[in-house]
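Q: One-letter residues, chain by chain:
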Amino acid sequence: MTDHAAIAPSEARTLRSYVYDPKIRGIFFQVLTLVIVIGVGWSIFDNTVANLARSGTASGYQFLKGRAGFDIGASLIDYSSDSTYGRAILVGFLNTILVAFFGIITATAIGFIIGIGRLSKNWLIAKLCTVYVEVFRNIPVLLIIFFWYKGVLSSLPQVRDSLKLPLGMVLNNRGLAFPRPVWGDTAWVIPIALLIAIVATFIVARWAKQRQMRTGQQFHTIWAAIGLIVGLPVLAFLAVGAPLTFDFPIAGRFNLSGGSVIAPEFVALYLALSFYTASFIAETIRAGIRAVAKGQSEAAAALGLQPSTTTRLVVVPQAMRVIIPPLTSQYLNLTKNSSLGIAVGFPELVATGGTTMNQTGQAIEVVSIWLVVYLSISITTSLFMNWFNAKMALVER
Amino acid sequence: MKKTLLSAAIGAAVLGFASAASAATLDTVKSKGFVQCVVNTGLAGFAAPDASGNWSGFDVDYCKAVAAAIFNDATKTKYTPTTSQTRFTALQSGEGDVLFRNTTWTINRDTALGFNFRTVNYYDGQGFMVPKSLNVKSALELSGAAVCVQSGTTTELNLADYFKANKLEYKPVVYEKLPEVNQAYQEGRCDVYTTDQSGLYSLRLSLSNPDEHIILPEIISKEPLGPAVRQGDDQWFDIVSWTHYALVQAEEFGITKANVDDIRKSSTNPDVRRFLGVEKDTKIGTDLGLTNDWAYNIVKAVGNYGEVFERNIGQNTPLKIQRGLNALWTKGGLQYAPPVR
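Chains as they are written, first to last, in this note's numbering: chain L, 1 to 397; chain V, 1 to 341.
Only chain L is shown next, with the shape it has when bound in the complex:
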């Protein structure tokens, strides 16, 4: 740069010197790129508008208020064929959230176990965990979904030969049916008791920490918390006379009637996403733990900390700083991969949106809804994980 600055202003520049000036070249290509991007973007937009006008397709989002007319197999909210297209898409959205939420929890749990297992000193455990990671990481997630759906779940017994499990549960190739709890009128005291228990646990934990700081005495906060959170609602439940009955699944002419059912489509998608993503999370965890210098645990040992305390207070907090950012990517991947549920007929966002698109012909609108929804889910997950990361980050004092 300095060379050019020295030469440029003095002499009258030839065309050649402009052509070979890296600064001018840089500006030229940036402007060119911008023009191309705008040009292509505009031509796509213009072409779309022209084509829509020509094909006589209605545009806009009014169609969301129309009657859907189709039924959906699994829904978290009230839905019938009389509901609107908007509600059908909402049902799909909630199903996506449901499978992503449980998938993330399970994948994290399995990932932690496998990731730590790979570092185990026990040869067998370490090798088994390695095999797990290599197998699931190297198979496309769609095949894992099919494996669960067609390989495992569809080989369960037929409805008329259903497997009777304890506690009134019934298992067949249409899912796992279990008794649905039906709460009595006085049941409202139980969530209130649970709320009180949670608040009380916080107070106890604070008091225990302050006492430890003051006197050095430790308090078994965990046991107190479990006692409160489990005990108080149970006491409340018994106090109001156990207002709970169960609606048991019974064999009908075709299907089971009554009870609640977890459909095999959900289970296949949930298990596949969990197992697949867990293999990546396991590697993330292993990398994070490996990233903590050996001197840290040696120093902790020299200070007289127990190995378990060393792991909990020294190694894991430092490992988390390495683990959390790539973990966020895995969570986003899992959420987006849930759209593969369409392959086994799980009514998630892409499935219900696709049906809506087909019935109304509003392809651009539905695709835009998909984009906005997935973007929103991803951004929300990212924001949460960034907040968590900031919380876990090294606090400089």
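FYI, nobody ran anything at the bench for these hints, they're computed from the structure.
C-beta atoms are modelled at their ideal positions from N, C-alpha and C, and glycine is treated no differently.
There's no promise every hint is true.
[Claimed, not checked] Computed beta-carbon distance windows for the label pairs:
hint: 1; chain 1: L; residue 1: G66; chain 2: V; residue 2: G144; range: 44 to 50 Å
hint: 2; chain 1: L; residue 1: L52; chain 2: V; residue 2: T286; range: 31 to 37 Å
hint: 3; chain 1: V; residue 1: E218; chain 2: L; residue 2: P166; range: 38 to 44 Å
Dock chain V against chain L, hints included.
A: Quick look at chain V alone, frame taken from chain L:
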């Protein structure tokens, strides 16, 4: 030099976009040299590829008939296999020139979706198939059943309406692709399979034990299946519509693939001569934008409507579908062609 090439390429791409948006379909088809038909991914008898990738079936023969009318060569066709969810987008976006995919003609599709329907090449109705072992005699006994259905179809909507109207409960088990629905039914994921009756006959064949399944007597909807084209190109719409009418008219005249040459040489009936383009100074074909022997080319390539029907889905095929409503109007059916004059 590179920059000029690049900008030229971009300019060409933009122009290409624009011209694709406005040119008449017939001109586009002629310039690319083949008809691109949007068909089913695989429905035996209607449109399915064989082991070597050659498509055949009732809908495929219609595609060939259009190609024969334009090019006098039934092989100038290409196929875009679509699921029930992707078929309309494929036609809307210009991925195909015409939709021959056992598609029901409804007012919504004819208006809001931006398509044009005019002819019905197969009158169908929605039915139910159940395993014989369930001992069901009527669809009204199906309360509480799990029903397998393909997503994005009129079938899915009719199913919801029928069960609601009859105050029956059911559990929909919905898949995007036909083979998935098929497999789910076979594995007992659901008790009932519902789709157009023609589809049920076709699908029953692909089950491992076709005799153990019955098709219930109820027909719960009207399903007029026919070709669709994009709105805004009347000439192309006419060509597709009159291809169907030519097939029907040929059957009414008794013109077949085998005797069409003889009839063309020897017939003295002015109606037939006009139809085959041998009457003096006829301009029926050129008015369509084709040659005057367009109808002759169609029949020569695929035969008449009856032949297309019998060859793909009729009594001598595994599907064994009766002509029923699809018989000619002269034989008590609904297939009727306006006069070719």
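Q: Check the structure against each numbered hint from earlier and tell me which ones fail, lowest number first.
A: 1
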